[in-house]
Amino acid sequence: MSRVGGPALVRGPARRRTSVASVVARWWRGGAATLVFLLPMLLVFGLFSWWPIARTAVMSLQETNLVGPAEWVGLENFRTVLADPLLPTALRNTAVFAALAFVFGYPIPLVMAVVFSSLRRLRGLYACLAYLPVVVPPAVAVLLWKTFYDAGSGGVFNTILGWVGIGPVPWLESAGWVLPSLVMEATWAAAGGTVIIYLAALTTVPQELYDAASADGAGVLGKIWHVTLPHLRSVLLITLILQIIGTAQVFLEPYLFTGGGPSHASLTLLLLIYEYAFGSTTGGGDYGPATALSLMMAVALALLSWIYFRLTRGWSD
Amino acid sequence: MRTTRLRSVALAAVAAAVLGSLAACGESSDDGDGVTITVEGWRPGDKQATIDAVKKQAAAFNKEHPDITVKPVEWQWNAQTFPAQLAGGTLPISFRVPFTDTKGLVERKQVADVDAEVRELPYFDKLNPTVLAAAQGTDGKVYGLPSDVYANALHYNRDLFTKAGLDPDKPPTTWEEVRAAAKQINERTGATGYAEMTTSNTGGWILTTLTYALGGRMEAEEGDAFTATVDNPQTEEALQLLHDMRWTDESFSGGTAYDWNSINQAFAAGKVGMYISGSDIYNALVTTSAIDPEMYGLTAVPMGDSPDAGALGGGSVNVVSAKASEAEAEAAVAWADFFRVRKYTDQDAAVADAKTQSAADQPVGTPTFPIFDEASYTTYQEWVKDYVNVPLDQMTGYTSKMFDLTLVAEPPAQTQAVYGALDPVVQKVLSDENADIPALLKAADASVQQILDKG
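Chains A and B, in that order, give the protein sequences. Under this note's numbering, the residue at position 305 of the first sequence is numbered 311, and the numbers go up by one with no gaps. Under this note's numbering, the residue at position 355 of the second sequence is numbered 339, and the numbers go up by one with no gaps.
Quick caveat, the hints were computed from the structure, so don't treat them as lab data. Among the hints, a few may not be true.
Unchecked claim - Restricting the straight-line Cα-Cα distance to at most 27 Å, the calculated cross-link-like pairs of lysine-lysine (DSS-like) are: (1) K31/B with K152/A; (2) K125/B with K438/B; (3) K110/B with K438/B; (4) K167/B with K152/A; (5) K438/B with K154/B; (6) K125/B with K147/B; (7) K154/B with K339/B; (8) K55/B with K339/B; (9) K125/B with K152/A.
For clarity, every value in this text was computed on a predicted model and none was experimentally measured.
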């Protein structure tokens, strides 16, 4: 009995221990470990991304000077933004910038990647040279391009144009030239990153397909159209929506090159937000309207992205 | 296990050290025995000599006030970064803001009320009322100590004048002469004959200067209300003048997208024949842009025939952070008095200051505008005459007329916002040959009125 009872007496607590241990182990295996490992990232994102987003939503309903207590003003900030005559100007400029970037900035990296991938020698060198502008700090790049865009006849571009009897062109000082000039620099600065993405995607295209296309009599353009582009479709769709979001949020170029001028010709939505909060056009210190417009823009871009992915769901298959 | 614990301890220590050092930014303390404050010392980009001179002054102040420790830091007013610095606690306790921004900061309660401290200063009653008004809120209280007062003036490059066949000792005295000289400089030297600031509110600032010089005003005050008067004949005349210099004479050959810093750099680099800025800009040209003194010339902005014609005046107000304690605010006003203003009323302070500045190769004697009156200004110049190291004989075009000029304060309501609304007008005229000036002014007037109504 004792032998029977003994183990039974021992087995009771032992089973409980085993049961607790196994629960902990299951809990650990079932996601807790993941959560613990995720915790630093969650904390960092929470503190520096999600908390500011939540604060933005709250501030858009308040009037504050960032020092004293904030005052709730309901939807007044949204009304102020929507009644601002500069909003349509900023919206139009942003749309023109995005359109120009789409027409000129979007195909260039693709063409470069296709050309580079078809090279037999020095492919890496060309890819490296294309990527180089991405490494240049943006403020330095803008300073460099400012000397290129100097409106005087001594500016780099105007000197070159002067050799063939053109110009001088008022690159950044004419309402007609300013947005194309900004797009040109932005394309130069960002194309390298996209080229690398396309080049990586192009390595997955099987050589046999090109050989088969050649056997079917396809030329260079035919091979690009029938083999390369279909294989890049999913990557192209992603880079397109990233470009749309990026260009809708263009700030650095107009801020550093022109401050939105001349005469608001390069005022973009993000620059208007900045102007509300810190700038001069509205006197600055209007954090409420600034956060209200930020929120409206975030919602609009989220909606646009959702529609885009709904529409293109079948295209990337 | 031990390694992990050690790592945790080390990480915690590092985190504590980082947090501690962050908290130390904008440090000030008031421990009962004395007070320590951070103060605006020098601008980013200033030479070591400037930094050394400020540090010497701080040491002298600390000696005079054993209960106060002043720590000068690099700082420059920037409307964009100011709110973040204030909210983040990294703002110096004592700093200067332009006249144009003081009222906005007071309205937003972003600077401290130092009415009692400033009124206690022995020379308070002698302050020029126009100058003092810049430091007052709409409630009549004083929110700082004014200093560095200037009237806008015309700066010109003597070398370019000579190369263009103009006499550098006879700078232009009318707008017709300015226009002709600009054209001649451009044609004969290829340099920009006349340049104008157009961005970051400076376009509105200089357009207002031209308007004042021709006798116009940008705002009218009736009781507590302000009316926009931007659409006036003088502003139209000024814009037409700029238009003709840009498109008919092509005197703006080097571009039109300048702000305060970039136009100084372009001028010091010898690329600009003439431009308008504060009469004391020579200080910044020396300390930040390393100008060759030989090439510098200063003269008054030509005045129109109107009896209302005047020179736009500006300056800085030494304000105190809204987060300062009472003791810190008192210390900050004492520092502003010592470092910026007392020298104009006290011979010993004037000589000590000039001696320190001169020993550090800092400009002494640059023409400003009297904070008090002509007599005290002249007396101050006498006190420091042995230490003057700026080319005063190249500035007589201004100094011979400065006391005859009527100083007109900047537009009193929403100054920066009004300037900001005028920037695009100037930019449009300089970027579009067919710009419709009357229509632009009509639209700008409505826009400024909206800003004034918003309050």
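Which hints from the list above does the structure break, by number from lowest to highest? 3, 5, 6, 7 and 9
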